[in-house]
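Chemist: Working from the sequences, and respecting the hints, build out all of it.
Listed here are the chains, written in short residue letters.
Protein chains: 2
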Amino acid sequence: MYLNRDIITLEEAQGLLQSVNLQTKTKKISTAEAHFYVLAENIYATFPIPAFRRSGYDGYGILNEDDHSFPREFEIIDNIGAGSVLEKKMSSGQAVRIMTGAKVPDEVGKVTMLEVTEKCSDDKVLIKESMKHSNISSIGEEFLKGDLLLSSGTRLNAGAISLLNAFGIAEVLVYQKPKVGILATGSELLKAGEAYVEGKIYNSNGPLLEALVRENGGLVITLDNVKDELHDTLAILNDLTSRCDLVLTTGGVSVGDFDFMAEAAKAADQFLFNKLSMRPGSPTTAFVHKGTPVIALSGNPGACFTGFYLFVEPTLQRFVGGKSRLKQVKLPLAHDYDKPNNFDKYLRATVNFDHDSGLIVSQIGSDKSSALGNLHSTTAFFKVPHDSSIHKGEEVEVWLLPYK
Amino acid sequence: MYLNRDIITLEEAQGLLQSVNLQTKTKKISTAEAHFYVLAENIYATFPIPAFRRSGYDGYGILNEDDHSFPREFEIIDNIGAGSVLEKKMSSGQAVRIMTGAKVPDEVGKVTMLEVTEKCSDDKVLIKESMKHSNISSIGEEFLKGDLLLSSGTRLNAGAISLLNAFGIAEVLVYQKPKVGILATGSELLKAGEAYVEGKIYNSNGPLLEALVRENGGLVITLDNVKDELHDTLAILNDLTSRCDLVLTTGGVSVGDFDFMAEAAKAADQFLFNKLSMRPGSPTTAFVHKGTPVIALSGNPGACFTGFYLFVEPTLQRFVGGKSRLKQVKLPLAHDYDKPNNFDKYLRATVNFDHDSGLIVSQIGSDKSSALGNLHSTTAFFKVPHDSSIHKGEEVEVWLLPYK
Numbered sequence: 001m002y003l004n005r006d007i008i009t010l011e012e013a014q015g016l017l018q019s020v021n022l023q024t025k026t027k028k029i030s031t032a033e034a035h036f037y038v039l040a041e042n043i044y045a046t047f048p049i050p051a052f053r054r055s056g057y058d059g060y061g062i063l064n065e066d067d068h069s070f071p072r073e074f075e076i077i078d079n080i081g082a083g084s085v086l087e088k089k090m091s092s093g094q095a096v097r098i099m100t101g102a103k104v105p106d107e108v109g110k111v112t113m114l115e116v117t118e119k120c121s122d123d124k125v126l127i128k129e130s131m132k133h134s135n136i137s138s139i140g141e142e143f144l145k146g147d148l149l150l151s152s153g154t155r156l157n158a159g160a161i162s163l164l165n166a167f168g169i170a171e172v173l174v175y176q177k178p179k180v181g182i183l184a185t186g187s188e189l190l191k192a193g194e195a196y197v198e199g200k201i202y203n204s205n206g207p208l209l210e211a212l213v214r215e216n217g218g219l220v221i222t223l224d225n226v227k228d229e230l231h232d233t234l235a236i237l238n239d240l241t242s243r244c245d246l247v248l249t250t251g252g253v254s255v256g257d258f259d260f261m262a263e264a265a266k267a268a269d270q271f272l273f274n275k276l277s278m279r280p281g282s283p284t285t286a287f288v289h290k291g292t293p294v295i296a297l298s299g300n301p302g303a304c305f306t307g308f309y310l311f312v313e314p315t316l317q318r319f320v321g322g323k324s325r326l327k328q329v330k331l332p333l334a335h336d337y338d339k340p341n342n343f344d345k346y347l348r349a350t351v352n353f354d355h356d357s358g359l360i361v362s363q364i365g366s367d368k369s370s371a372l373g374n375l376h377s378t379t380a381f382f383k384v385p386h387d388s389s390i391h392k393g394e395e396v397e398v399w400l401l402p403y404k
Numbered sequence: 001m002y003l004n005r006d007i008i009t010l011e012e013a014q015g016l017l018q019s020v021n022l023q024t025k026t027k028k029i030s031t032a033e034a035h036f037y038v039l040a041e042n043i044y045a046t047f048p049i050p051a052f053r054r055s056g057y058d059g060y061g062i063l064n065e066d067d068h069s070f071p072r073e074f075e076i077i078d079n080i081g082a083g084s085v086l087e088k089k090m091s092s093g094q095a096v097r098i099m100t101g102a103k104v105p106d107e108v109g110k111v112t113m114l115e116v117t118e119k120c121s122d123d124k125v126l127i128k129e130s131m132k133h134s135n136i137s138s139i140g141e142e143f144l145k146g147d148l149l150l151s152s153g154t155r156l157n158a159g160a161i162s163l164l165n166a167f168g169i170a171e172v173l174v175y176q177k178p179k180v181g182i183l184a185t186g187s188e189l190l191k192a193g194e195a196y197v198e199g200k201i202y203n204s205n206g207p208l209l210e211a212l213v214r215e216n217g218g219l220v221i222t223l224d225n226v227k228d229e230l231h232d233t234l235a236i237l238n239d240l241t242s243r244c245d246l247v248l249t250t251g252g253v254s255v256g257d258f259d260f261m262a263e264a265a266k267a268a269d270q271f272l273f274n275k276l277s278m279r280p281g282s283p284t285t286a287f288v289h290k291g292t293p294v295i296a297l298s299g300n301p302g303a304c305f306t307g308f309y310l311f312v313e314p315t316l317q318r319f320v321g322g323k324s325r326l327k328q329v330k331l332p333l334a335h336d337y338d339k340p341n342n343f344d345k346y347l348r349a350t351v352n353f354d355h356d357s358g359l360i361v362s363q364i365g366s367d368k369s370s371a372l373g374n375l376h377s378t379t380a381f382f383k384v385p386h387d388s389s390i391h392k393g394e395e396v397e398v399w400l401l402p403y404k
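Which chain is which? The protein sequence lines are A and B, in order.
Read in order, the letters of the first sequence are residues 1 to 404 in UniProt numbering.
Read in order, the letters of the second sequence are residues 1 to 404 in UniProt numbering.
Source of the hints: derived by calculation from the structure; they are not laboratory data.
What you are looking at is a predicted structure, and each value in this text was computed from that prediction instead of being measured.
The beta-carbon is built from N, C-alpha and C at its ideal position, and this holds for glycine as well.
Heads up, some of the hints might be wrong.
[To be verified] Between beta-carbon pairs, the in silico distance windows are: (1) 12(B) / 145(A): 41 to 51 Å; (2) 358(A) / 68(B): 47 to 57 Å; (3) 238(B) / 353(A): 38 to 48 Å; (4) 6(B) / 173(A): 42 to 52 Å; (5) 342(B) / 18(A): 20 to 30 Å; (6) 85(A) / 230(B): 19 to 29 Å; (7) 12(B) / 18(A): 49 to 59 Å; (8) 219(A) / 336(B): 38 to 48 Å.
Modeler: Right, here's the structure in full:
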């Protein structure tokens, strides 16, 4: 059971995962349900906005030819509310009461704001002065018919949902959220709520991955635990890979007798990697089992969390036609880090903004891969290259997490 | 119907809203469903982690008294998998095979890593050298019993969910998500999918607010449209305020004949404001109707979006025991802005990070309050104080949005 392991770098491992062909799937969905989905089509304006000459204010519309010799009294011939249109024809000396957002009749050249008018009677209004502006938005002022509104690959946030609605678009083509199977391996795992048993631990990585998948746009299909038996592991892998687009496991990737995930990797259709020159998560393993990629993360919580963002998140984004949403920047480190290692380290961190010094990155909590206590407050990773120490103020490579 | 309006500043308006007493509600919820909720209790460690002396590696445990004279052969007396405990008692000259994460027997002083051992037969192992470290995590190394794990007010993200699970906590007290009623007013509104009617527009603000509420931790209870009739407006307000913790409306707040939301404000239990010295959204209105706060936003999409973040988002956070998640910073503007106004302007923007110049803010899209096209790409606002122009590179006040 001691497997040969060829050690590769993080970038090589990411490249191998990237080379796995993924099946993106799309579906038509109602705009009302499309929030948080990713568009799989370009959306073009099917009409201009404004679609008609729109009044910018509440006031009175008058003919261009009447726009002189104020103050002057006009006959009010009708009242155009937003959503209504004037049926009558206007003549010189007449005005029409018009509301913000209403369609301005073609013959009206200006809308006089209410503030410079005085109503004399039910059907008479005094207009006191000429307006500098027409107070009318022209057709297509913001969008012309055929304008690109949203590109394929856009995440449909609130603003995008409102834009689709503004064009009356009731259905859009989106990428299906990838179905992700999650498997926490280990005979030592108890479920929250179960009575404590000596020598065992509560499963925290399963729920961690479930929540991380949700935060990053995936659909958790199942959450199973499996005992440390090769037969059970393979049976559950067969089941999960047949039902899911991606399978994540945690635990069982080390060199021990019970590390069946390492064994399963060797039996896979396509083996990708099982040893990385990085900490945490050096035994992180990936393979393709019956056509479905399996990313086998460490059972150490810190390593599981970090591995999720370095390997799983970019894969989830590929299923929706995109790339990793982690933002890579260079920032100064707020403190010394003086624990050189023969592997590159990727440490959990937060980024703070200070008016004088700008953005600065700090390690948060423990740097141990077994640590649990800093996952909820981690908003970034920074890299400590192998065999090096870093001094306060030195720049490091930083990955900003998309969800905080 | 021309109401008196006392103009106040943004900060005064925010203060008035802040002074409204809100009823926060809590509930016990299963940890499995608690993702994205906000904790309403402090969570303390009920046991230490590790809860037992935990092996950091796969290897062989030996007694302290045997830690000398290597290489040396030991008798393997048992195999301790993670989750198991040794039932036997060890004697000198004996070793126990032990897996990563397993409970180390009390009498074992060190775990020798597999890499420096050689198995001689089924029950014999050669240990080649002494270990520098014990390779055993001590009890309570990360958490002691009674440690504060998560404070009341913590948003339960993936890391927090995993921490609760690690302590076997199956139920937590959380703030209930506030129930938010949304009302888009206006006879001109069509629903997406309906055939276009001349002079009308598709309702985009209703779906905008619905999605914004979801993105900011609220629960959308209902989404109704109402015609521009005072009687209908009041009836729907009565209904919504009886069922919701907060009511948002859009449209009907101007000075026109059909602006019934302005009228409803005057009839309310407690009037808060209806005129602000800011753009967009100067007619933004707020009041308390039958005990429930109502925030009446402009019908202009840009103003509706901006008003949501300046007034509604902080209110939503108060329902879950928190404060606004908008982050206020000062940053240089990437360009000139030379359209002074007698009101302060709050313009939609994005913030970019450039390695050399750091963080910088730029206006995005149109600055018109009627603009729709930049809401999905807005990640910040910046302020242009009244009667001023801003030159490229000058610092402005910036609000970073929590959800992008």
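Chemist: Each hint: holds or not?
Modeler: Hint-by-hint comparison with the structure:
1. 12(B) / 145(A): 41 to 51 Å: holds, 43 Å
2. 358(A) / 68(B): 47 to 57 Å: For residue 358(A) and residue 68(B) the Cβ distance comes to about 55 Å; the hint holds.
3. 238(B) / 353(A): 38 to 48 Å: Check passed, 45 Å falls within 38 to 48 Å.
4. 6(B) / 173(A): 42 to 52 Å: About 50 Å separates the Cβ atoms of residue 6(B) and residue 173(A), which means 42 to 52 Å holds.
5. 342(B) / 18(A): 20 to 30 Å: Once the Cβ atoms are compared, 55 Å apart, the range 20 to 30 Å for residue 18(A) and residue 342(B) is violated.
6. 85(A) / 230(B): 19 to 29 Å: holds, 23 Å
7. 12(B) / 18(A): 49 to 59 Å: Since residue 12(B) and residue 18(A) have Cβ atoms about 54 Å apart, the given range 49 to 59 Å holds.
8. 219(A) / 336(B): 38 to 48 Å: holds, 46 Å
In terms of the numbered hints stated before, the structure departs from hint 5 and from no other.
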